[in-house]
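**Q** One letter stands for each residue in the lines below.
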Amino acid sequence: MEIRNRAFQITAMLIMVALAFTCQVHAKEYKLGLSLAITGPTSDAGNPYAKGVEDYFNFANETKILGKDTIHCSIRDDQYKTSVTKRNFEEFLDDGIVLYLNYSTGSTLGLKKDFEEEEIAVIPASFHAGNLVDSNYIFLPIASYSEQVVSLAEYIAVHNKGDKAKVAMFIHPSAFGRGPVEDAEKSIAAGLNIEIVEVVEHGKDLDSTAMLKRLMSKGVQYVICHTVQSPVAAMIKDASRLGIVAESFGQEGKITFMGAHYTGGNDLIALAGKAAENFYWTTSYNITSEKNDGTEKQLALAKMYNRDDKAANSHNYANGIMVAQVATEVIRRVKEKGLKINRENLYKELNAMNGANAYTPYTTVGPVTYSATDRAGVDMLQIYSVKDGVFRKVGQPITSEFMKKIK
Amino acid sequence: MSYFFQIVVSGIVVGSIYALAALGLVLVYKSSRVANFAHGQLIAAGAFIAYALTVWAKIPVFFSFIISMGATFFLAMSVEKIFLRRLIGEPIISVIMVTIGLASILDGLIYLTPFGSENFSFPAFLPHTPLSYGGVSISWTQLVGVIVTMVLIGGFSWFFKKSTVGISMRAVSDDQFAAMSVGISVQTVFGLAWATAGLSAAAAGCIIGNITGLNFDTLHAFGVVVFPVVILGGLDSILGAVVAGIIMGLIQQFASGYLDGNWGLNGTGEVMPYVILLIILLFKPHGLFGIHEIERV
Chain A
25 MEIRNRAFQI TAMLIMVALA FTCQVHAKEY KLGLSLAITG PTSDAGNPYA KGVEDYFNFA
85 NETKILGKDT IHCSIRDDQY KTSVTKRNFE EFLDDGIVLY LNYSTGSTLG LKKDFEEEEI
145 AVIPASFHAG NLVDSNYIFL PIASYSEQVV SLAEYIAVHN KGDKAKVAMF IHPSAFGRGP
205 VEDAEKSIAA GLNIEIVEVV EHGKDLDSTA MLKRLMSKGV QYVICHTVQS PVAAMIKDAS
265 RLGIVAESFG QEGKITFMGA HYTGGNDLIA LAGKAAENFY WTTSYNITSE KNDGTEKQLA
325 LAKMYNRDDK AANSHNYANG IMVAQVATEV IRRVKEKGLK INRENLYKEL NAMNGANAYT
385 PYTTVGPVTY SATDRAGVDM LQIYSVKDGV FRKVGQPITS EFMKKIK
Chain B
1280 MSYFFQIVVS GIVVGSIYAL AALGLVLVYK SSRVANFAHG QLIAAGAFIA YALTVWAKIP
1340 VFFSFIISMG ATFFLAMSVE KIFLRRLIGE PIISVIMVTI GLASILDGLI YLTPFGSENF
1400 SFPAFLPHTP LSYGGVSISW TQLVGVIVTM VLIGGFSWFF KKSTVGISMR AVSDDQFAAM
1460 SVGISVQTVF GLAWATAGLS AAAAGCIIGN ITGLNFDTLH AFGVVVFPVV ILGGLDSILG
1520 AVVAGIIMGL IQQFASGYLD GNWGLNGTGE VMPYVILLII LLFKPHGLFG IHEIERV
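Those sequence lines, one after another, are chains A and B.
Quick note: the first sequence, position 383, residue 407 per my numbering, numbers continuous.
Quick note: the second sequence, position 277, residue 1556 per my numbering, numbers continuous.
Simulated from the structure, these hints should not be mistaken for lab results.
A few of these clues could be false.
[Stated by the list, open to error] Reference listing, derived: stretches of chain B covered by chain A, where coverage requires no fewer than 3 residues with Cβ under 8 angstroms from a Cβ of chain A:
no. : segment
1   : 1359 to 1366
2   : 1392 to 1401
3   : 1412 to 1424
4   : 1427 to 1440
5   : 1477 to 1491
6   : 1528 to 1536
[What the hints assert, rightly or not] Cut-off 20 angstroms, straight-line C-alpha distance, at most; resulting in silico cross-link-like pairs (DMTMM-like, lysine to aspartate or glutamate):
no. : chain 1 : residue 1 : chain 2 : residue 2
7   : A       : K364      : A       : E53
8   : A       : K334      : B       : D1496
9   : A       : K52       : A       : E353
10  : A       : K242      : A       : E219
11  : A       : K92       : A       : D317
12  : A       : K52       : A       : D119
13  : A       : K105      : A       : D138
14  : A       : K228      : B       : D1496
15  : A       : K105      : B       : D1496
16  : A       : K105      : B       : D1386
17  : A       : K188      : A       : E219
18  : A       : K210      : A       : E178
19  : A       : K429      : A       : E219
20  : A       : K52       : A       : D93
21  : A       : K228      : B       : E1549
[What the hints assert, rightly or not] Chain A residues, not near chain B, derived (Cβ > 10 angstroms throughout):
no. : residue
22  : I34
23  : L90
24  : T94
25  : G120
26  : E206
27  : E219
28  : A234
29  : K237
30  : S264
31  : G297
32  : K298
33  : R367
34  : I430
Heads up, the beta-carbon is just placed ideally off N, CA and C, and yes, glycines get one too.
Construct the entire structure; sequences and hints are all you get.
**A** Here is the structure:
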């Protein structure tokens, strides 16, 4: 009797172990990689971006968006060095990642061929239009820098009082900065009613007086910035001191300052203080100073993972969340179809994210639409302007007309 | 004409700040013949300490700047004591390599704080309305920057020429063993050189931080940006740093004001100082005020 009892106990235990093992086998872990600048140059953007990615994947795992399956995203600091990014990417490949999240323009351009060879879909934090040239595997999260700059130029053309608006561009001295200039010039050739008077590539300027006075003497009414916040802050502080910042859009005799995604946000206000007032900025992201369901979810996520106010309210935190949401959603869709989660199927599914299958993350002002011929995610852009120390919406989301013409 | 004078004023302002930022490099080189590649990190540290005291500890900004200069004085002195003291007598290249490593360590430490990856700005404490005369304007921040620079540079010049400690530092710079033989403590002199460099770096950091905002990348880059100033002035000359700083500032502003945007030129404000630097060094390889040493063998 005792032997039979023991045999029963052992059998039951074996069955339980087997069951547990089976459950383990069924719960899959999908590996992703993110290499970015958590420290080093541009880490003011990279740091909250990494937090957004990490928090959303944790949230997705904890709320079982993929059922029992989980996402494991390795996040590594590359200090904005392409050589380190490449090493990280290669190690991620060895780990068996199915989707890769990259960061800078330089490393995205530098590794473009690797992405093609590996046939792996990549979503970078760089919105450089050149990323898409000769590339099939790079998916921009939102409208390209070119689209952002041309949209701002179109906004000027529509709202400028008087003849052809005189515009200067203030850009980062790199491929990242120079990228949109050519598309802005092409748009003008295609009929966009503005004149680019000068393109200024900035350095580490302690005083922009000479440059600003030169622009004033040339009759410049608008400056479109495409760089990072710090040089813009230094310039608009000087402009504010000289009393040449327009208090309303296109104010006569003054300059209206505008900028693309990485020039604005709370970091610009933190650096420039009151001089940021009336700065116009465009991005495809919702911002927390204009509350809606999406920003509430963003703040709730940040609270859930004990992020400080600065990270919680950063548009780069929103940026990170959005990229993680897209990655999670594409895995969910492939899984729903009963297909294997691998590079090939995720790539196909990303390309199918359009029309009725378009996906709207909660941090963006419009849906993500990818296809085999369009790999820029959110096409909509929202213009914001600083009023009383916070960014406020200006009108409704827009899309660029001229970018469609010059493509 | 006001455009011309505005550029002159801007050039002098920028040049003065360059001179102040360069001063720390000169002070360390003057006493130890070492080019300090961690100088930018000291500039950033000084600015961040001042910000933390002002905003977090609620100390009035003026006192925060003074305390920050004091704190960076001791920080730099400690750095010298911990990392560099044991290298006295070793080849200069070894010490320079240590300063490069030191820059990485300080980078890493700053990245552990919010200052490593966030942006801040000092609360406004000077009048916002600039001083203007005849179409030429200068902000209060810039004016204070120029005054602080001149006071510090004047003070250091006096210190090196007239004070016993300053003369000891020059003696150590000239010949360490000879200085030791007359009872000068080389260790103390090196520590003091680093400490005063830290102090001037903090002053530069506070002024630059007020102008550009507090961004670590921007601030520590000034440690490298001012190298041409030091080379042009002559590595061991305080007067040289001032003159070269102002020359660089003027060249930068004139190039930006008159060349950029014309004849298809762009970014000349960044390039021209280096072009002029190369030309001057062709004729004066030791810089404008550098000492041409002749060794008898």
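**Q** The structure should be examined with respect to each hint, and the outcome stated for every one.
**A** How the hints compare with the structure:
{"no.": "1", "hint": "1359 to 1366", "in the structure": "violated (count 0)"}
{"no.": "2", "hint": "1392 to 1401", "in the structure": "holds (count 7)"}
{"no.": "3", "hint": "1412 to 1424", "in the structure": "holds (count 3)"}
{"no.": "4", "hint": "1427 to 1440", "in the structure": "violated (count 0)"}
{"no.": "5", "hint": "1477 to 1491", "in the structure": "holds (count 3)"}
{"no.": "6", "hint": "1528 to 1536", "in the structure": "holds (count 4)"}
{"no.": "7", "hint": "K364/A - E53/A", "in the structure": "12 angstroms, holds"}
{"no.": "8", "hint": "K334/A - D1496/B", "in the structure": "19 angstroms, holds"}
{"no.": "9", "hint": "K52/A - E353/A", "in the structure": "16 angstroms, holds"}
{"no.": "10", "hint": "K242/A - E219/A", "in the structure": "12 angstroms, holds"}
{"no.": "11", "hint": "K92/A - D317/A", "in the structure": "27 angstroms, violated"}
{"no.": "12", "hint": "K52/A - D119/A", "in the structure": "15 angstroms, holds"}
{"no.": "13", "hint": "K105/A - D138/A", "in the structure": "16 angstroms, holds"}
{"no.": "14", "hint": "K228/A - D1496/B", "in the structure": "10 angstroms, holds"}
{"no.": "15", "hint": "K105/A - D1496/B", "in the structure": "14 angstroms, holds"}
{"no.": "16", "hint": "K105/A - D1386/B", "in the structure": "15 angstroms, holds"}
{"no.": "17", "hint": "K188/A - E219/A", "in the structure": "7 angstroms, holds"}
{"no.": "18", "hint": "K210/A - E178/A", "in the structure": "13 angstroms, holds"}
{"no.": "19", "hint": "K429/A - E219/A", "in the structure": "18 angstroms, holds"}
{"no.": "20", "hint": "K52/A - D93/A", "in the structure": "5 angstroms, holds"}
{"no.": "21", "hint": "K228/A - E1549/B", "in the structure": "8 angstroms, holds"}
{"no.": "22", "hint": "I34", "in the structure": "54 angstroms, holds"}
{"no.": "23", "hint": "L90", "in the structure": "31 angstroms, holds"}
{"no.": "24", "hint": "T94", "in the structure": "28 angstroms, holds"}
{"no.": "25", "hint": "G120", "in the structure": "30 angstroms, holds"}
{"no.": "26", "hint": "E206", "in the structure": "15 angstroms, holds"}
{"no.": "27", "hint": "E219", "in the structure": "14 angstroms, holds"}
{"no.": "28", "hint": "A234", "in the structure": "3 angstroms, violated"}
{"no.": "29", "hint": "K237", "in the structure": "6 angstroms, violated"}
{"no.": "30", "hint": "S264", "in the structure": "8 angstroms, violated"}
{"no.": "31", "hint": "G297", "in the structure": "5 angstroms, violated"}
{"no.": "32", "hint": "K298", "in the structure": "7 angstroms, violated"}
{"no.": "33", "hint": "R367", "in the structure": "32 angstroms, holds"}
{"no.": "34", "hint": "I430", "in the structure": "23 angstroms, holds"}
Consistency with the previously given hints fails for numbers 1, 4, 11, 28, 29, 30, 31, 32, ordered from lowest to highest.
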